[in-house]
Amino acid sequence: MSWLAASYHFPSTYSIRVPMSSETHARVLPTPGPATIRLTLLRTSIEVFGAEETQHTLFPLFISCSLSIRPPVQVAITQQQLRGYKRSPNREEATETLQESLLQREMAYAKGEMTIYAHIPSAFLTQYATLFRAIGYWGQSSSLTTCLDLSEQEPRSEECMMPLAQLAMLRPQAMIQPWFPALVSEFANNGVTWREVIAPNALSKKRVLHLDVAVWPLTLLRQNGSGKYFLRQAFFERKEFNVISS
Numbered sequence: 001m002s003w004l005a006a007s008y009h010f011p012s013t014y015s016i017r018v019p020m021s022s023e024t025h026a027r028v029l030p031t032p033g034p035a036t037i038r039l040t041l042l043r044t045s046i047e048v049f050g051a052e053e054t055q056h057t058l059f060p061l062f063i064s065c066s067l068s069i070r071p072p073v074q075v076a077i078t079q080q081q082l083r084g085y086k087r088s089p090n091r092e093e094a095t096e097t098l099q100e101s102l103l104q105r106e107m108a109y110a111k112g113e114m115t116i117y118a119h120i121p122s123a124f125l126t127q128y129a130t131l132f133r134a135i136g137y138w139g140q141s142s143s144l145t146t147c148l149d150l151s152e153q154e155p156r157s158e159e160c161m162m163p164l165a166q167l168a169m170l171r172p173q174a175m176i177q178p179w180f181p182a183l184v185s186e187f188a189n190n191g192v193t194w195r196e197v198i199a200p201n202a203l204s205k206k207r208v209l210h211l212d213v214a215v216w217p218l219t220l221l222r223q224n225g226s227g228k229y230f231l232r233q234a235f236f237e238r239k240e241f242n243v244i245s246s
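In this text, residue positions in the sequence shown follow full-length UniProt numbering: the first is 1, and each later residue adds one.
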């Protein structure tokens with residue numbers, strides 16, 4: 001088994017929505033969550049290697065491999081007002097109209113690289129490297145990204161996102177620091193089937209994914225209205241920051 005680290009650069013603002021957030025007033029995550037990464041690997045694998053090889057060879061790894069996610073060293077989040085358009089069919093005239101509405105959407109901007117670590121069998125390093133290089137966005141297609149570097153290295157857990165319950169168990173005193181918390185989605189277990197993911201119904205969706213509270217090693221450094229500026233700080237380091245508000 002080997003750890004493969006893929007470092008990504010976000011060239012512009014990006015918006016990876018918090019699960020269950022409203023489409024008209026969406027909060028964002030500083031990085032993609034575990035389920036988003038697994039589903040992105042799945043989609044990319046189908047495009048690169050084809051559905052048959054993906055289903056029989058790579059899909060079980062996508063579901064079961066351990067992932068660690070290290071956020072960029074600095075992340076700024078601002079609230080923006082966007083115009084949203086929704087198609088509305090007119091059955092009587094056999095036409096479609098566009099309905100316009102205003103959306104409140106948080107957008108993130110990163111300084112530094114985000115790193116994703118995947119713990120996989122050494123025999124699959126080449127396939128995973130190909131997939132990580134081929135990923136051009138996370139979440140929605142406007143959240144562009146590019147893979148800058150691939151290497152074999154283990155993650156430092158104190159610099160990576162982790163479930164809130166895990167942090168509380170490992171280092172209860174670390175809970176004093178106001179880290180970045182949010183809901184993330186993850187696959188419920190390693191027994192998820194190909195059909196449940198590719199062609200889900202209402203029942204299988206509930207069985208496939210579950211929600212969990214996660215925290216990122218990001219400390220609020222500055223706040224200006226609804227805009228927030230976060231700095232990465234390892235969970236087990238004790239540093240005091242005075243939040244600057246304006």
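Worth double-checking, as some hints may not be accurate.
[Stated by the list, open to error] Below 16 Å or equal to it, Euclidean Cα-Cα: the simulated EDC-like pairs (lysine to aspartate or glutamate) are:
| hint | residue 1 | residue 2 |
| --- | --- | --- |
| 1 | Lys86 | Glu100 |
| 2 | Lys86 | Glu96 |
| 3 | Lys86 | Glu23 |
[Claimed, not checked] DEER-style ranges, computed between Cβ atoms:
| hint | residue 1 | residue 2 | range |
| --- | --- | --- | --- |
| 4 | Leu170 | Ser12 | 15 to 21 Å |
| 5 | His9 | Met169 | 39 to 45 Å |
| 6 | Ser141 | Pro163 | 27 to 33 Å |
| 7 | Glu52 | Ser226 | 43 to 49 Å |
| 8 | Pro60 | Thr95 | 45 to 51 Å |
| 9 | Gly84 | Leu144 | 16 to 22 Å |
| 10 | Thr146 | Pro60 | 25 to 31 Å |
| 11 | Glu23 | Gly112 | 25 to 31 Å |
| 12 | Glu152 | His9 | 16 to 22 Å |
| 13 | Met20 | Gln80 | 19 to 25 Å |
Bear in mind the hints are in silico, worked out from the structure with no lab data behind them.
For every residue, glycine included, the Cβ atom is placed at its ideal position computed from N, Cα and C.
State, for the Cβ atoms of glutamate 152 and histidine 9, whether the hinted interval 16 to 22 Å holds or is violated. 20 Å, holds
Evaluate the given range 43 to 49 Å for the C-beta pair formed by glutamate 52 and serine 226. 48 Å, holds
Between glycine 84 and leucine 144, is the Cβ distance one that fits in 16 to 22 Å? At 20 Å between Cβs, range holds.
With 39 to 45 Å as the target window, see if histidine 9 and methionine 169 comply at their CB atoms. Given a distance of about 33 Å, which is not inside 39 to 45 Å, the answer is violated.
Whether the CB-CB distance between leucine 170 and serine 12 falls inside 15 to 21 Å: 35 Å, violated
Are the Cα positions of lysine 86 and glutamate 100 separated by 16 Å at most? 7 Å, holds
Does the hinted range 25 to 31 Å hold for threonine 146 and proline 60 at CB? Roughly 28 Å apart at Cβ, these two residues keep to the hinted range, so it holds.
Lysine 86 paired with glutamate 96 [C-alpha distance capped at 16 Å]: 10 Å, holds
Range hint compliance [Cβ, glutamate 23 to glycine 112, 25 to 31 Å]: 30 Å, holds
Proline 60 paired with threonine 95, Cβ distance criterion 45 to 51 Å: Distance hint for proline 60, threonine 95 holds at roughly 46 Å.
Quick one, are lysine 86 and glutamate 23 close enough, alpha carbons at most 16 Å? The given pair, whose Cα atoms are some 12 Å apart, holds under the 16 Å limit.
Does the Cβ pair methionine 20, glutamine 80 satisfy 19 to 25 Å? 21 Å, holds
Checked against the numbered hints above, the structure violates hints 4, 5; every other hint is satisfied.
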